[in-house]
Amino acid sequence: MPELSQTKLNQTQPSQTKLYPFWQLMMVNIRPFFRDKAVLLWTFGLPIFIALLLIQAFSGGPKMSPMNVVVIHGEQIEQKWLKAMEEDPLITVTRLSQTDSIVLEDSFASAQLAEVISSPGSVLRKLQNEISPEVYLAPNAMFSTHNSDESLMARNYLLRLKEQANGQVMQSNVVSVKGYRYTDWLIPGIIVLQVLGLALVSIANSLVSDRQNGFFKRLRLSPFKRRDYIIGIVLARLFLLVFQMAILFVAFHFLFGYTLQGNVVDIILVMALGSFCICMLGVLVGARSQRVEVSSGIANLLYFPLMFLSGIYFDTVNFPTVLREIVSLLPTTAFLDALRLVANQGVELVAVSRQLIILGVTSVVFFLIVYFCFDWGDEKS
Amino acid sequence: MTTVIEVKNLRKVYKRTRKVAVDDVSFSVSEGECFGLLGPNGAGKTTTLEILQGLRSATAGEVTLFGLNWKQDETKLRGLMGGVMQHNNLYEKLKVKECVELFASFYPSYTPIDTLLARFNLSEKKDAWLSELSGGQKQRVFLAMAVVGNPKLVFLDEPTTGLDPTSRQEFWHIIKDLKAAGTCVMLTTHYMDEAEFLCDNLAIINSGQIIESGTPSAIINRTFKTPVLKEPRKATLNDVFLKLTGSTMEAQSYA
Chain A
1 MPELSQTKLN QTQPSQTKLY PFWQLMMVNI RPFFRDKAVL LWTFGLPIFI
51 ALLLIQAFSG GPKMSPMNVV VIHGEQIEQK WLKAMEEDPL ITVTRLSQTD
101 SIVLEDSFAS AQLAEVISSP GSVLRKLQNE ISPEVYLAPN AMFSTHNSDE
151 SLMARNYLLR LKEQANGQVM QSNVVSVKGY RYTDWLIPGI IVLQVLGLAL
201 VSIANSLVSD RQNGFFKRLR LSPFKRRDYI IGIVLARLFL LVFQMAILFV
251 AFHFLFGYTL QGNVVDIILV MALGSFCICM LGVLVGARSQ RVEVSSGIAN
301 LLYFPLMFLS GIYFDTVNFP TVLREIVSLL PTTAFLDALR LVANQGVELV
351 AVSRQLIILG VTSVVFFLIV YFCFDWGDEK S
Chain B
1 MTTVIEVKNL RKVYKRTRKV AVDDVSFSVS EGECFGLLGP NGAGKTTTLE
51 ILQGLRSATA GEVTLFGLNW KQDETKLRGL MGGVMQHNNL YEKLKVKECV
101 ELFASFYPSY TPIDTLLARF NLSEKKDAWL SELSGGQKQR VFLAMAVVGN
151 PKLVFLDEPT TGLDPTSRQE FWHIIKDLKA AGTCVMLTTH YMDEAEFLCD
201 NLAIINSGQI IESGTPSAII NRTFKTPVLK EPRKATLNDV FLKLTGSTME
251 AQSYA
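Chains as they are written, first to last, in the UniProt record's numbering: chain A, 1 to 381; chain B, 1 to 255.
A hint or two may mislead.
[Claimed, not checked] Derived lysine to any residue pairs resembling SDA-like cross-links, with alpha carbons at most 25 Å apart: (1) 8/B to 214/B; (2) 18/A to 260/A; (3) 176/B to 15/A; (4) 95/B to 205/A; (5) 126/B to 31/A; (6) 71/B to 45/A; (7) 95/B to 42/A; (8) 93/B to 314/A; (9) 93/B to 46/A; (10) 95/B to 293/A; (11) 126/B to 22/A; (12) 162/A to 317/A; (13) 95/B to 16/A; (14) 76/B to 32/B; (15) 83/A to 260/A; (16) 95/B to 40/A; (17) 225/A to 75/B; (18) 93/B to 45/A; (19) 93/B to 238/A; (20) 93/B to 19/A; (21) 37/A to 134/B; (22) 225/A to 67/B; (23) 93/B to 293/A; (24) 225/A to 80/B; (25) 126/B to 16/A; (26) 225/A to 8/B; (27) 225/A to 89/B; (28) 126/B to 290/A; (29) 71/B to 31/A.
[What the hints assert, rightly or not] Not the full set, but computed from the structure, chain B residues with beta-carbon under 8 Å of chain A: (30) 55; (31) 56; (32) 79; (33) 87; (34) 91; (35) 94; (36) 105; (37) 106; (38) 107; (39) 149; (40) 152.
Keep in mind the hints are simulated off the structure, nothing from the lab. All C-beta atoms, glycine included, are put in the ideal place defined by N, C-alpha and C.
Based on the provided sequences and hints, a complete structural model is requested.
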């Protein structure tokens, strides 16, 4: 018979070191994540791969050619718009005096540019009327053909630049000013998609797995507190998500030149609140499910509509008004809109207060449902 | 001696199947006593245990632990107990020390982790992941998790199932030590040698009813008036196994 240690349990003094249950539960959920290479690879590799794929797929459309924008001295133009145009590498802004502008118009009239534009006057005036009377598009490479698509593209490009300069949500995939490109628009979407994956699907399945393995029953044989478990598991996911997002932002910076335009603290707050809300949704999905097949089914039922309706891949502005209003109340939409505005356009938190309120209220509702309905593996749950 | 568990006329009928799982079961267990609940599969052992653990409610009857009951004193009761389940699983990539720390954090006071691991011969393995442990080592970790908070009552639901004789005997000696420390142990098992070695008193349950109870020797004497063992043997095959392999396995386990 092997010799066991002779230290008797009843001779031992209790430890003086205080351990905090929510912290221990949190660490129990964090540590295995970093010890599993496959999990690490899928968690960080997959979003970068998806981003590469999407950016390749969606930014491969018609390329915008360089264009000249002529600003007539003395006439009014929105300064934000002008600044955005000046920063855009595709646009060369030329400031002309009134006299020069007459010369320019004359050049159209005299058909000096006829070789470039077959009916220069009409193109010029059409653009003048539809964009702004103060901005003139000088014929350059962009208008070197009769292709009306190019004219349309140029007009849309400038109109969108104007919208974006005024703080409206991005719609276009052709703008090349940092913070306004399709890449910039897509990256917060990829981030939210990752949160959906890790928080909603993974957290729900993890809870069901704990239930199936009898971990909850085992916990019930100790004085653990339900509150500590829920807080611990959500904090663990929050830590993992914020850590993951930080890594992804850095990766996206080096891969796609993505830069955060807003205040970092504001961005972290938006990410934390958005992630917390989706974590609570994940806990809710796993709150009563007995099998992974059920929790996966419910999670997928939520995952796909949330992914497509929240504007991760395409903008919701084209939705019918009623649907757009409903969609704006979804936590993922609120999270994504807030993240895009704060991270890409540098707006302050006050400007996204509606989205933050939606996230806060939804989180509290989810928490309360979870607290009272969670199945801890006993008959009374 | 102080009575720790008092069960009177316990009855459990499952609503969905209307099956009578436990029928008029009564027994009591004192401080420092190991009480065994024996019986075939489906006899009602686990249902009885889960009612005692506060995981299920009784259809009828009375259960008091330390003079307290689950309806009024749940929080207090959970602080007085620990347990090893029939199927124990935890994250495979957790270290031994981390698992024990987790359960230590739930209790108001706990045995120093290093001391406990030394007592359970797990010091060398404290930084090993659960996935790297043998079955016997894992069960010792689960037992360490159960007793780290110095509970007064420990439930062991078939704790040595699947373990080799050496690991089982190690486990038994730890249980003996717990008893010596005044801990009350409630055990279910299919191994009669285990029950005989560990239990001060036991009850044999069949179809939800206790058909025999008392000390192991009293039960043997009541059941068999004449000896059933034909001839005295030098040793059992279990003893042979331990003699031939015990030291080797031990050397591997604690290397």
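Status of each hint after checking the structure:
{"no.": "1", "hint": "8/B to 214/B", "verdict": "16 Å, holds"}
{"no.": "2", "hint": "18/A to 260/A", "verdict": "40 Å, violated"}
{"no.": "3", "hint": "176/B to 15/A", "verdict": "23 Å, holds"}
{"no.": "4", "hint": "95/B to 205/A", "verdict": "22 Å, holds"}
{"no.": "5", "hint": "126/B to 31/A", "verdict": "15 Å, holds"}
{"no.": "6", "hint": "71/B to 45/A", "verdict": "50 Å, violated"}
{"no.": "7", "hint": "95/B to 42/A", "verdict": "23 Å, holds"}
{"no.": "8", "hint": "93/B to 314/A", "verdict": "40 Å, violated"}
{"no.": "9", "hint": "93/B to 46/A", "verdict": "22 Å, holds"}
{"no.": "10", "hint": "95/B to 293/A", "verdict": "29 Å, violated"}
{"no.": "11", "hint": "126/B to 22/A", "verdict": "22 Å, holds"}
{"no.": "12", "hint": "162/A to 317/A", "verdict": "16 Å, holds"}
{"no.": "13", "hint": "95/B to 16/A", "verdict": "22 Å, holds"}
{"no.": "14", "hint": "76/B to 32/B", "verdict": "20 Å, holds"}
{"no.": "15", "hint": "83/A to 260/A", "verdict": "19 Å, holds"}
{"no.": "16", "hint": "95/B to 40/A", "verdict": "19 Å, holds"}
{"no.": "17", "hint": "225/A to 75/B", "verdict": "9 Å, holds"}
{"no.": "18", "hint": "93/B to 45/A", "verdict": "21 Å, holds"}
{"no.": "19", "hint": "93/B to 238/A", "verdict": "20 Å, holds"}
{"no.": "20", "hint": "93/B to 19/A", "verdict": "21 Å, holds"}
{"no.": "21", "hint": "37/A to 134/B", "verdict": "23 Å, holds"}
{"no.": "22", "hint": "225/A to 67/B", "verdict": "23 Å, holds"}
{"no.": "23", "hint": "93/B to 293/A", "verdict": "24 Å, holds"}
{"no.": "24", "hint": "225/A to 80/B", "verdict": "14 Å, holds"}
{"no.": "25", "hint": "126/B to 16/A", "verdict": "20 Å, holds"}
{"no.": "26", "hint": "225/A to 8/B", "verdict": "30 Å, violated"}
{"no.": "27", "hint": "225/A to 89/B", "verdict": "20 Å, holds"}
{"no.": "28", "hint": "126/B to 290/A", "verdict": "33 Å, violated"}
{"no.": "29", "hint": "71/B to 31/A", "verdict": "37 Å, violated"}
{"no.": "30", "hint": "55", "verdict": "4 Å, holds"}
{"no.": "31", "hint": "56", "verdict": "4 Å, holds"}
{"no.": "32", "hint": "79", "verdict": "4 Å, holds"}
{"no.": "33", "hint": "87", "verdict": "5 Å, holds"}
{"no.": "34", "hint": "91", "verdict": "5 Å, holds"}
{"no.": "35", "hint": "94", "verdict": "6 Å, holds"}
{"no.": "36", "hint": "105", "verdict": "4 Å, holds"}
{"no.": "37", "hint": "106", "verdict": "4 Å, holds"}
{"no.": "38", "hint": "107", "verdict": "6 Å, holds"}
{"no.": "39", "hint": "149", "verdict": "7 Å, holds"}
{"no.": "40", "hint": "152", "verdict": "12 Å, violated"}
In the structure shown, a violation is registered for the earlier hints numbered 2, 6, 8, 10, 26, 28, 29 and 40, in ascending order.
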